[in-house]
Amino acid sequence: MTSYIIRRILLMILTLFGMSVIIFALLRLVPGNIADILFDSAGFIDPQEKAYLEAELGLDQPLWKQYWDWISGLLTGDLGFSYVSELPAAEELGPRIPITAKLAGLALFFSVLFGLPLGVISAVKQNTWVDYVVRIVSLSGLSLPSFWLGLLILMAFVSYLGFIPIYTNPPETLWEELLLYSIPAAAVGFRASAIIMRLTRSSMLEVMRQDYIRTARSKGASETTINYKHALRNAVLPVTTIIGIEAAFLIGGLIVTETVFNIPGVARFLVEAIQWRDYPIVQNLVMLIAFIVVVVNLIVDLLYAVLDPRIRYS
Amino acid sequence: MRFLKGARLALAVTVLASTAGAAYAEKAGGILKVYHRGTPPSGSIHEEATTSTNMPFMGVYNNLVLFDQDVAQNSLESIRPELATEWSWDETNTKLTFKLREGVKWHDGEDFRADDVKCTWDRLTGENVSREMRLRKNPRKSWYWNLKGVEINGDYEVTFNLGQPQPSFMAMLASGYSPVYPCHVDSKTMRTAPIGTGPFKFVEMKQNENVTFTKNEDYWNEGYPLLDGIEFTIVRSRSTRVLGFIAGEFDMTFVGDVTPALLRDVNEQAPTAKCDMVATNVSRNLIVNRDAPPFDDPNIRKAMALTIDRNEFVEILTEGLGLVSGAMLPPPPGVWGMPPDVLAEVSGYGDVEANREEARKLMADAGYGPDNRLNVTISTRNIAIYRDPAVILIDHLKEIYIDAELEVIETSNWHATVARKDYQVGMNLTGVGVDDPDVNFFENYACGSQRNYTGYCNEELQKLFVKQSSMTDQEERKKLVWEIDAKLQEDVARPIIFQGVGGTCYQEHVMDFTVPTNSSYNAWRFEDVWLDQ
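Line by line, the protein sequences give chains B and W.
With our numbering applied, the first sequence corresponds to residues 0 to 313, in that order.
With our numbering applied, the second sequence corresponds to residues 2 to 534, in that order.
Read the hints as simulated data drawn from the structure, not as lab findings.
Be a bit skeptical, because a hint or two may be false.
[What the hints assert, rightly or not] With a straight-line Cα cutoff of 30 Å, these simulated DSBU-like cross-link-like pairs (lysine-lysine) come out:
no., chain 1, residue 1, chain 2, residue 2
1, B, Lys64, B, Lys49
2, W, Lys189, B, Lys49
3, B, Lys228, B, Lys218
4, W, Lys106, W, Lys207
5, B, Lys101, W, Lys207
6, W, Lys189, W, Lys149
7, W, Lys189, B, Lys64
8, B, Lys49, W, Lys149
9, W, Lys480, W, Lys96
10, W, Lys189, W, Lys106
11, B, Lys49, W, Lys119
12, W, Lys96, W, Lys106
13, W, Lys28, W, Lys96
14, W, Lys142, W, Lys106
15, W, Lys149, W, Lys464
16, W, Lys399, W, Lys488
17, W, Lys362, B, Lys49
18, W, Lys362, W, Lys488
19, W, Lys216, W, Lys100
20, B, Lys49, W, Lys207
21, W, Lys275, W, Lys28
22, W, Lys464, W, Lys488
23, W, Lys216, B, Lys49
Bound conformation, chain B alone (with noise of 0.2 Å):
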């Protein structure tokens, strides 16, 4: 087992390399660059004016220096500066990664929260009413673009409450946040918790069918036994991977659901850094979601054994 983890950590950093050396070139091939930008707001270019910036920038400097320096930066936690706001970089994002993770943890909870048990319950009852219309739900989940859910929503609170549940000032109590986060939540877990109960609900009803379910309620096994120790044990394996992956693309998700809700996290935030092609921020933060995808991908393979004694690593 520790030997597969020393792999699997060597993997990780030569996966996190690869990482670097893709979006340092991705944003170099795109069109433009933060001179461009900055100039746009200004209605005009100076070409001279524009060498200046670069030259200021490190922009004028080979590419491999430029991979270099921010590189060695980042190994030394040296982050460089935003060049929109000109302030350090991990000023800029220290603050709204927690912001995120937060919302993306409400999230994938409220997912699994629902997902899992409707998911079951679905399968148990197959064929009713029940499981209809917990079908006719995940389905809406899944055919529901969230930013449009958010709109939605918002409207629904204006309309019926007479107020907007959106982030105007940062929360002051535990409570205050809980609040301000459980909606958009809601609404970006909405997809991921339709997929959760979808997949659940299929991996039961194969279990379901197995033999040693059989021969558990022959052995007169509750029904309760019966669906969650021993069904739902089996059915999970495949649904934990799902939850893994949905972990990973929920960043897309919190994109709109950031921006309808109007919450400053880095999912907003990234978008928006390239758009300026402030490319401190878009790296760092670019490199930060791929070693949060690596490392839950890990935990995953490793919750495998915890979930399934059969599984071994070597």
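Please build the complex by placing chain W on the supplied structure of chain B, with the hints as guidance.
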């Protein structure tokens, strides 16, 4: 003309009424909450050309003179003193001397003096400027073509030396784009944490979150500002921010942010809110790359201008509220533009069918017809306000044997593309900071100007730009301005399609705020705005 006199009278009555009302009812305190459409590019007004910077940051600064914030229409008659207490022209009308207010302090406690004024205009003209003080971008350098230098006469007097008389120089100084900067603060600080003498001190700007300002307790205008502060919350989604305004989360919308369609929602769901749908002085216009064949043929350019049905643009895109115009904003909101009857006589503005018949003849002369259509690419910025008119333009071009396809350019790359002249035909938007011919002509149409995107250069017309600039008789000058404007349209310099409109809304408890009608860039000092709460 009678209308203009009437309008001035109405404005004067409004000013008197608002001043009288304010004397009885003004209340101090409270934070004005405004939503903003996106993070401002910086806090340095001199380096930007966008309301995204002007609206939040104008309150940080003072000008020498300023357009009266209680008068909706900016004009030479509505200029009021600010850091200057009085001013005078010499007998040649080329030396403009300002006596400066004493006892004014910068937000960092330093004294304001005459050398700050000189430093500011040295930065703008690029004269005697160190690297730290140099403006990274200087979009309005062309405004000061006639400025020969600024002289200091003691600590509290300055003289602007001009090459020739230029009455509009005062209009430029009165714009929100002309704040006085401190000599002792470098350009980077002015971008990130600006220091001014204005009614509000900068507190912080968090990207994607907010920009906040607090009351300047040491403000030279005693008793002002009335607000304790202003908070601009950045809300990227237009639907969300307008819903936020309807829900009462914000006291004011961003300037011109409410479209005619959204205005109906606001009126219906927030009936107590006050909204003004006014001209923004931002025109939609056609830019043609006159160096790229076949557009080097003036007849083809002319044919393209002739096929435009401006009223159709106005109807479709602004529900009939936009204004057909030349380069200058027409009355009633504008001071210098051609009125409809004069405009109707300009080539391309009359009967659309007759114009298109003429255009087809020009195309036929150039060798194009129903069986030999010209294929072109129309480039535009990937934003709805650019894309939508471009689509209508494609339809109009079909009428004269031109098949166009739309190329949307990522917004961040638009000016770079235009600067490289890497386009054939473009749909463009042009905002004019001050409703004044000098500003518009020299910035957008003068030979060699950086914002003259098409590179149009007509030496004869250039002489007329200079001539009108020096004219002191406003009525005579206006006639010449109309003549120039008509010629610009006939030359297809940058055919103006229409002037856009935008709605600005504020809650009923926001008092003594006036929505500007002929520029979106000059009305944001917020010094005497107060909240009736």
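Are the Cα positions of W/Lys362 and B/Lys49 separated by 30 Å at most?
Cα-Cα ~44 Å, so violated.
Is the straight-line distance between the alpha-carbon of W/Lys28 and that of W/Lys96 30 Å or less?
violated (42 Å)
Agreement of W/Lys399 and W/Lys488 with the hint, judged by alpha carbon distance not exceeding 30 Å:
holds (26 Å)
Given the hint that W/Lys362 pairs with W/Lys488, does the C-alpha gap stay at or below 30 Å?
holds (21 Å)
For B/Lys49 and W/Lys119, compute the direct alpha-carbon distance and say whether it is at most 30 Å.
Holds. B/Lys49 to W/Lys119 sits at ~26 Å (cutoff 30 Å).
What's the verdict on W/Lys149 and W/Lys464, does the C-alpha distance respect the 30 Å limit or exceed it?
Distance ~19 Å between W/Lys149 and W/Lys464 Cα, so the pair holds.
Sort out whether B/Lys49 lies within 30 Å of B/Lys64, counting only the CA atoms.
holds (20 Å)
Against the 30 Å threshold, does the CA-CA distance of W/Lys189 and W/Lys149 hold or violate the hint?
holds (26 Å)
Are the Cα atoms of B/Lys49 and W/Lys207 separated by 30 Å or less?
holds (25 Å)
Next pair to validate is W/Lys106 with W/Lys207; report whether the Cα-Cα distance is within 30 Å.
Holds, at roughly 26 Å.
30 Å Cα cutoff - pair W/Lys464, W/Lys488
holds (13 Å)
Tell me if the straight-line CA distance from W/Lys96 to W/Lys106 falls inside 30 Å.
holds (27 Å)
Going through the hint list in order, the structure does not satisfy hints 13, 17, 23.
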